[in-house]
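Protein chains in written order, with the working numbering: chain E, 1 to 131; chain D, 1 to 180.
Going by beta-carbon spacing under 7 Å, a handful of chain E positions derived as facing chain D:
| hint | residue |
| --- | --- |
| 1 | Ala5 |
| 2 | Arg7 |
| 3 | Arg9 |
| 4 | Asp11 |
| 5 | Ala12 |
| 6 | Glu16 |
| 7 | Ser18 |
| 8 | Val19 |
| 9 | Ser30 |
| 10 | Val34 |
| 11 | Gly38 |
Residues of chain E placed beyond 12 Å of chain D at every Cβ, according to the derived structure:
| hint | residue |
| --- | --- |
| 12 | Ala55 |
| 13 | Gly60 |
| 14 | Val67 |
| 15 | Ile68 |
| 16 | Leu73 |
| 17 | Ala102 |
| 18 | Thr104 |
| 19 | Asn113 |
| 20 | Leu114 |
| 21 | Asp117 |
| 22 | Ile118 |
| 23 | Lys124 |
| 24 | Val125 |
| 25 | Asp128 |
| 26 | Ile129 |
| 27 | Gly130 |
Just so you know, these hints were derived from the structure itself, not from any lab. Heads up, the beta-carbon is just placed ideally off N, CA and C, and yes, glycines get one too.
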Amino acid sequence: MDKLANRLREDADKIEVSVSEELDHRIAASLQGVTQEGVAGKPRERSRPSGFWWASSLTGIAAAAAVIVIINLQQAEEPPQATPTDVVAVVPVIDWQAETAALTGPLQQELENLQADIRKAEEKVKKDIGL
Amino acid sequence: MRTETQLVEAAQAGSTEAFADLVRSYRDRLLRFLLTRCATYADAEDALQDTLINAYRYINSYDARWRFSTWLYRIAINNAAKIRSPDVMELGELRDEESDPLLQCISDSDTENLWLSARRILNDDVFAAMWLRYAEDMSVNDISRALDRSASWTKVNLLRGRRALDAGMNGGRNESEAYG
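Next comes chain E alone, as it looks inside the complex (with noise of 0.2 Å):
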């Protein structure tokens, strides 16, 4: 320990105090009538009852399971069958011939006065020519 350590520490001890008896009752005395906070072992208040997490897991988890063998109950139900239906009834059968006759039809008529067109040409085209 350094020079100015010892000095301090010498210093130190040379300040005589003692507590006085008087003072030792006084602070006894006020110790009687001092009441602990947040004493040790002692439990803290809970909000909840001891065994509310217990009941709280336990109803949810049968809450769980009910609503789990509802939808399987719900599904073991046979579903309502089904009317079979007469498809081709419902359906209108097209006549796809006669559809397509009557889509076509107006072209193959142009296509055929085209060519009675061509034919009248060619004759009228011969007779100027003499042949």
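Model the placement of chain D on the given structure of chain E, informed by the hints.
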């Protein structure tokens, strides 16, 4: 003879006798420390009484990772600050020598007690750090906890305090300069 840990546990269970045993060895030292921080002897005694009452009241908040003395000194520092009258805020201020409680308790000596010089030169916290280090032999960590300061603050200010006192001892420094 019960250990300090056993006494703490008994006091936490509500035994005032165990608490009295626990603090018996600290009372005189605490009073001596409080004399350096209070304006009058009566204030220091009141501060000691409040310290011990608060320590007992809140002993269940005591963290066993700390030394018990460190926790006790922290309470003492807080109580001294509450009791100190507003017109004697700085320890460095000159007081009436007859009423100075520290001066009254210092035995006669050829040289001035270095703690009187320290009280004039240093500010409150640096003085407390120096006292806890050199009078109470506390570690830097314990001083930091007692003063609620960082370890680096404590190291730096212990060094500053030492330099200031060294200079004061050697007469090469203006003693009215406050450090910290």
